[in-house]
Amino acid sequence: MKPRFSLATREALWAFAFLAIPLLFFLFIRIYPAFQALWLSLFEWNADPAKRQYVGLEHYSRMLADPTLGRALRNTALYTFIGVPLQIALGLAIALLLQSVTRLRDLFRAIYFTPYITPAVAVAWVFSWMLSPNFGIVNEILGLFGIPAQKFLSSPSQALLTVTAIVVWQNLGFQIVLFLAGLESIPRTYYEAARIDGADGWAMFRYITLPLLNPVTVFSAVIGTIGFLQLFTQVVNLNFTDQGGPVNSTLTIALYIYQLAFKSFNLGYAAAVTVLLFGIILVITLVQLRILSRRVEY
Amino acid sequence: MKRLIAAALLVLGLASAQQITITYWQYDFKSKVDTINELIQQFQAQNPNIKVVQQTFPYDAYQQKVASAVSAGQGPDVVNLYYGWIPTWVKAGYLQPLPEDAFSTKSMDADFIPMVQAAKVGGKYYGVPTAVRSLALFYNKDLFKAAGINTPPRTWEEFYAAGKKLTVKQGDRYTQIGYGISPDGQDHNVVREVLLRQAGGRPYSDDNKKVLYNSPEGLKAFRTYTDWVKKYDIGVPSFFPGNNGYRDGFIAGKIGMIIDGSFAIGTIKNGAKFNWGVAELPIDRLGARKANFGSFWLHGLSPQATGAKRDAAIKFLQFITSAETEKVWLDKVGELPARRAVLKDPKLATDPVYGPFVISLSYARATPFVDETAQRTVMVNAINRVLLENADPDASLKQAAAEDQKILDQFWK
Amino acid sequence: MKRLPVILAYIVLVLGGILMIFPFVWMILTSLKPFAELFNLEVLPREPTLENYRQVLTQTDFPRWFLNSLGIAGITTISVLFFDSLVGYTLAKLRFPGREIVFVLILATLMVPTEMLVIPWYVMSVGYGWVNSYWGILFPGLISAFGVFLMRQFFQSLPTELMDAGRIDGLSEFGVFWRVAFPLVRPALAALGIFTFLGNWNAFLWPLVIIQSPEMRTLPVGVALFSGEAATAWHLIMTASSLSVLPVLLVFLFFQKQIIEGVVLTGVKG
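Chains as they are written, first to last, in this note's numbering: chain A, -3 to 294; chain B, 573 to 985; chain C, 836 to 1105.
Keep in mind that a hint or two might mislead.
[Stated by the list, open to error] Dumping the calculated DSSO-like pairs for lysine-lysine here, alpha-carbon to alpha-carbon at most 27 Å:
hint, chain 1, residue 1, chain 2, residue 2
1, A, 259, B, 916
2, B, 841, B, 919
3, B, 862, B, 970
4, A, 47, A, 259
5, B, 792, B, 678
6, B, 692, B, 736
7, A, 47, B, 978
8, A, 259, B, 782
9, A, 47, B, 792
10, B, 696, B, 887
11, B, 602, B, 845
12, B, 887, B, 678
13, B, 781, A, 47
14, A, 259, B, 970
15, B, 985, A, 47
16, B, 904, B, 845
17, B, 881, A, 47
18, B, 862, B, 916
19, B, 713, B, 881
20, A, 259, B, 919
21, B, 782, B, 792
22, B, 602, B, 574
23, A, 259, B, 602
24, B, 899, B, 887
25, A, 47, B, 696
26, A, 47, B, 803
27, B, 696, A, 259
28, B, 899, B, 623
29, B, 663, B, 881
30, B, 802, A, 259
31, B, 841, B, 663
32, B, 899, B, 717
33, B, 803, B, 841
34, B, 803, B, 781
35, A, 47, B, 782
36, B, 713, B, 803
37, B, 692, A, 259
38, B, 713, A, 259
39, B, 781, B, 862
40, B, 978, B, 782
Hints listed in this document are in silico derivations from the structure and should not be mistaken for laboratory results.
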């Protein structure tokens, strides 16, 4: 008996069946609200719907002349371009180290994961003490080497780098777990075959590990970038009474949006900046996916 | 026939005794929450058909809680808010003006101390406070004594002298400072409302549309403050770690003096393990102009309160801002009354801790903000540019005035 | 000769480990300090005490917040593990028109920050009566694009022959997914489980907005009550933080065993 549908059609139908509920969910919960934000950006917002004024692209032209937004953009770019490669490199390196030791693996894994699970509030408090210009242990240690006391989070020139370092430190646990999962998914047989063929450690890394890790690396890069481009919680917690400071040196786009929406009640403008952020993330992500993805099947 | 009339009256009586429930929102602070709960009990006893539900939220997240709720057409009927948020909230449609019959502008002007004028937008009151606060100088009596200083400074010169004496540096790090510099604490208010006024200037025009501190007086006041660090070396920013490092450092006994609000009294009382005192803010010389920054949280009427709910809400508002309530509030929460009559109590002015605050209430002003968060940041950045980036004070203040004016223009257009 | 690199590895891991765990240890040590010792500058408490723990566990609603967070994070994690892997599998292994577009569409949902979504969600919740309910707290997190992306990457690495083998064996498409592919991505599922649980455990903004009454509060919202206008009860915050880490640590230890065990593919051509 001939089947009613071709194999390809059947597969496609199953795919749509699997996707039905999730797609509805995303449409309802994420996509529709996002369009609402887009719509909101064309209005001067007011709690009373009758008083909302259509202003067209006025918010967008205002963005062009907004120095605070410019600063936020610059900072966000710095956070991302420094943070993402750093956390991938460190995460992968430590994952490899963890795989190469046999004793105390579980203990090490748990230890390297603790920053990731330590609540942001506690992290901020501990680091503000550790990095305190006058009382911090870090300056104590630097003093032993004759290095003058640094201001770290209180210095407009050092604050951003300090925050980046702390964020990377916290994210390492995530990166390590991710890369460990990736490394453990590579079949041992490939390494055995390569060893038989006479390959050394470096060659195995270059020709087996790295390529087969590509899906995970791409994931880390894309998610890491999306995460850094939306950096918010740590920035707020690390300078709670002067958020984004000192002197806007740690301000991110997401924090700026939050301040506009929830402190200045300027929802229309906040929506416009959200649209801008969305555009930036979308373009960068598409570029990353195109450049970084490599199909590898052995 | 009589039975019918009796039955009709009963039904009418029941109908008019319909239960109205109103909600009240404030941020979570134990003594405030407890006191409001007690007041609610009393109010409900006096008004059996009104039920008041109090809901509280973390202080740090309070503003966004209200923002989200009202954006969705939900939220409380009576809402507690910081006075500095009033213009923004009014513009965004989050507050109703208080009705003239219950809260006449004339009687409000007369009954409440001057700073409460800041609750007006366009000549109408948009809220009414139970309590107010102002600034004073907290000083560490033990550190003072050890340095040979017997009285708190009354003039700025004495202030500098005391500050210098109490600052101790070891190598390139400070182990103790004379004054807890904190631009994002109360110092930005000190510049804008204390030093500026003492120099003869004012921050904003009467209609609140123009920045006025871009003036010789403004510059004088600004430089005076930045000189505390740059010239007199009586303190440094970020001396002690933590969010309110200036207060924590004072409590830890490492800072000689701080300028802080009366809301900090409880914390300092609980934490400080040394003898401390409170004094009025210093002035240029004896007899010179005094100035102080006052502020307050007040209760407003949200647009949710309509019809019967509105009447109930207004009754509740009147209850929690009465003179009686203010006395209870002072006792249980420790916040100063907002009504002139209640402040007349002579015991208040002579209290060693509350006295300096009470005295200042007669001349304290609440700076009218349109967007408190943004305008606060402008001044904090202006100060930090000088203290942290070695910017020229003139240029920094000019930049601040321009940014501030932009905020005002944006708001009023 | 092989010894040296391994010893070096241990040295690096130990030094790094100290850096990693130091703040965590400090947090716990602070929770053992009485309030009076909060601002002295030593890390070790002079008079260690369990008073803070007693206070947090008996005088605040911490147990209630803890249970709320546990239930919500647990349910969300299970939902995410199922739906995200199903969608990830579909995007990786099933062929259908518009596949790449759907993938980018789902990925794009990650690009709007939660801060802006909170208000539409709240309006929606008001309309459906979900305010101040467990469902209200749960619903935005039940399926996550983050997880879809992660699972897609891992499913892509699976050789297609395995799926075909399953089909030949007579399994339905769902059977191929559930019985063949799903078990093979255990490391990824474990990783996703950890990340989802943790993300949910620490979520603050949305629970803050949707919760009105004290008994619905989740852990981060409850702990935020420990800071106020003039004072922050750091000793209580550190205590609450130390306690809140425990379940996450347990989830981690449980799931990481799954990661370690790895995958052994048999019968695959090298």
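Structure-based check of all given hints:
1. A:259 with B:916: Roughly 37 Å separates the two Cα atoms, so the pair is violated.
2. B:841 with B:919: 20 Å, holds
3. B:862 with B:970: Holds. Residue 862 (chain B) to residue 970 (chain B) sits at ~25 Å (cutoff 27 Å).
4. A:47 with A:259: Measuring from Cα to Cα gives roughly 20 Å; hence the hint holds.
5. B:792 with B:678: Cα-Cα ~37 Å, so violated.
6. B:692 with B:736: 42 Å, violated
7. A:47 with B:978: 23 Å, holds
8. A:259 with B:782: Roughly 22 Å separates the two Cα atoms, so the pair holds.
9. A:47 with B:792: 43 Å, violated
10. B:696 with B:887: Holds. Residue 696 (chain B) to residue 887 (chain B) sits at ~19 Å (cutoff 27 Å).
11. B:602 with B:845: 23 Å, holds
12. B:887 with B:678: Answer holds: residue 887 (chain B) to residue 678 (chain B) is near 19 Å, not above 27 Å.
13. B:781 with A:47: 22 Å, holds
14. A:259 with B:970: The hint holds at about 25 Å.
15. B:985 with A:47: Distance ~15 Å between residue 985 (chain B) and residue 47 (chain A) Cα, so the pair holds.
16. B:904 with B:845: 23 Å, holds
17. B:881 with A:47: 23 Å, holds
18. B:862 with B:916: Judged against 27 Å, a Cα distance of about 20 Å means the pair holds.
19. B:713 with B:881: Between residue 713 (chain B) and residue 881 (chain B) the Cα gap is close to 52 Å, so the pair fails against 27 Å, i.e. violated.
20. A:259 with B:919: Outside the cut-off at roughly 39 Å; violated.
21. B:782 with B:792: 19 Å, holds
22. B:602 with B:574: Cα-Cα ~54 Å, so violated.
23. A:259 with B:602: 25 Å, holds
24. B:899 with B:887: 19 Å, holds
25. A:47 with B:696: Measuring from Cα to Cα gives roughly 20 Å; hence the hint holds.
26. A:47 with B:803: 52 Å, violated
27. B:696 with A:259: Holds: residue 696 (chain B) and residue 259 (chain A) sit about 23 Å apart, inside 27 Å.
28. B:899 with B:623: 24 Å, holds
29. B:663 with B:881: 23 Å, holds
30. B:802 with A:259: Not satisfied, since the Cα-Cα distance of roughly 33 Å exceeds 27 Å.
31. B:841 with B:663: Outside the cut-off at roughly 39 Å; violated.
32. B:899 with B:717: This hinted pair is violated, its Cα atoms lying about 36 Å apart.
33. B:803 with B:841: Outside the cut-off at roughly 32 Å; violated.
34. B:803 with B:781: Roughly 34 Å between the alpha carbons, so the hint for residue 803 (chain B) and residue 781 (chain B) is violated.
35. A:47 with B:782: Holds, at about 26 Å.
36. B:713 with B:803: 25 Å, holds
37. B:692 with A:259: Answer holds: residue 692 (chain B) to residue 259 (chain A) is near 20 Å, not above 27 Å.
38. B:713 with A:259: Violated, because 39 Å separates the two Cα atoms, which is more than 27 Å.
39. B:781 with B:862: 25 Å, holds
40. B:978 with B:782: Holds, at roughly 10 Å.
Hints 1, 5, 6, 9, 19, 20, 22, 26, 30, 31, 32, 33, 34 and 38 from the list above are not met by this structure, while the remaining hints are.
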